[in-house]
Amino acid sequence: MQENGYYRAAVTMTESPRAADQLMDLRISIIPARKQQSGRSGSRAIRSTPRARLKILRRCMRATASRSIASAADCKRVRKKYEKQNRLLAQVAIAERIYHSENNTVDFTFRIVPGPTVEINVEGHKVRRGNIRKYVPVYEEGALDDDLLNEGRRNLLDYYADAGYFDASVGIRKHGETNGPEYQVTHFIDPGERYKLASVKINVTSPTGSPLFNEEDIRSRMQVQPAARILSHGKYSSLLLNADVRNLQELYRSNGFRDVKIETAVDTKYQGHPNLLAVSLKIDEGVQTKVGDLKIVGNSRIPTSNFEQYLATSAGQGYSELNLAQDRDTVLNLYYDRGFPNASFDITTDPVPSDAHSINVLYYDQGG
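In this text, residue positions in the sequence shown follow my numbering: the first is 69, and each later residue adds one.
Wrong hints could be hidden among the right ones.
Claimed, not checked - What follows is a set of in silico ranges between Cβ atoms, one per label pair, in the way DEER data are often shown:
#, residue 1, residue 2, range
1, 285, 383, 19 to 29 Å
2, 311, 213, 41 to 51 Å
3, 91, 358, 38 to 48 Å
4, 337, 197, 34 to 44 Å
5, 287, 376, 31 to 41 Å
6, 358, 213, 42 to 52 Å
7, 285, 390, 38 to 48 Å
8, 416, 241, 47 to 57 Å
Said to hold, decoys possible - With a Cα cut of at most 20 Å, we get these calculated EDC-like pairs of lysine to aspartate or glutamate:
#, residue 1, residue 2
9, 149, 208
10, 350, 261
11, 350, 284
12, 152, 250
13, 363, 284
14, 363, 418
15, 269, 312
16, 329, 312
17, 269, 284
18, 358, 376
19, 152, 209
20, 144, 175
21, 149, 187
22, 264, 312
23, 337, 261
24, 329, 352
25, 329, 285
26, 144, 209
In short, the hints are calculated from the structure, not lab data.
Positions of the beta carbon are idealized from the N, C-alpha and C atoms, including for glycine.
All chains should be built: construct the whole structure from the sequences, respecting the hints.
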């Protein structure tokens with residue numbers, strides 16, 4: 069309440085227990101009283117500030133003083149003024165608030181660290197300044213740190229990959245000190261050869277002759293895509309292909325295909341053209357492992373019928389450890405919501421001796 073200008077607010081809380089269902093009702097009462105007004109405002113600059121910028125800061129502070137309370141939005145507005153001067157590391161905060169109860173006003177002081185001027189450059193390959201500002205998020209976020217620079221690096225790699233430079237590399241070099249007058253960040257770009265992904269072939273085989281997922285199902289889950297109207301060069305990289313393989317393996321295993329095998333091949337001279345690529349996937353589903361019997365015991369606090377419909381596991385469906393973990397979370401959350409914080413849930417699995425691809429599952433839950 070004080071951060072929003074209500075220094076005379078009164079907040080009370082009453083508790084009303086409900087013994088029948090072991091719940092507690094909480095009632096919070098707030099009397100805001102009169103909102104205080106801003107008193108004097110000032111700034112405390114850590115480094116000397118040019119006279120022109122001081123005028124800008126004074127205008128911002130006068131606008132703040134004309135309202136009821138200084139807030140984070142005021143700091144953001146002052147910071148934006150610095151960002152327009154490429155001072156992306158500028159720090160602006162309300163350093164001090166002094167409340168005067170006799171007239172219900174607050175004096176506040178800004179703490180300002182202008183920071184260095186920041187310059188973002190690109191070497192090795194020409195990139196339009198507009199694209200630099202678009203893909204390197206330090207401008208959008210108004211900040212500069214390793215996470216944002218690495219995000220910008222990934223964005224530039226995606227930008228070049230969409231243009232057909234699948235083997236592009238982007239390096240980053242920083243020069244200067246964050247507490248100095250200037251700070252430079254240079255992106256070194258090597259685009260490599262330009263390619264076009266002409267074809268993505270998918271072949272799925274199953275011992276039953278009826279694969280669980282057809283070619284279109286698989287293709288819709290892949291990041292690697294052949295050239296089309298929207299992606300004129302396609303979408304491909306070895307990292308994307310490896311990620312697709314991992315995701316597809318997880319998809320099959322979550323549906324009981326524990327022995328799935330996926331092989332990939334990349335033709336770098338498709339149909340004899342040196343800049344045309346083709347990717348092929350061969351998927352062998354293997355035999356599906358299924359849930360044999362599913363038993364639920366120990367549930368004395370909450371009847372099985374209350375949560376059975378929410379379980380992801382059932383007899384006869386594909387066996388999935390992911391579904392078992394999901395069931396555990398579902399049941400425990402139900403117990404926690406009912407007021408049993410010490411509830412436990414154990415899972416026991418037992419392969420069926422007569423069937424190598426069937427597993428019995430036992431759930432044992434205790435309400436505590």
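Could you work out which of the previously given hints the structure breaks and list their numbers from low to high?
Violated: hints 2, 7, 10 and 13.
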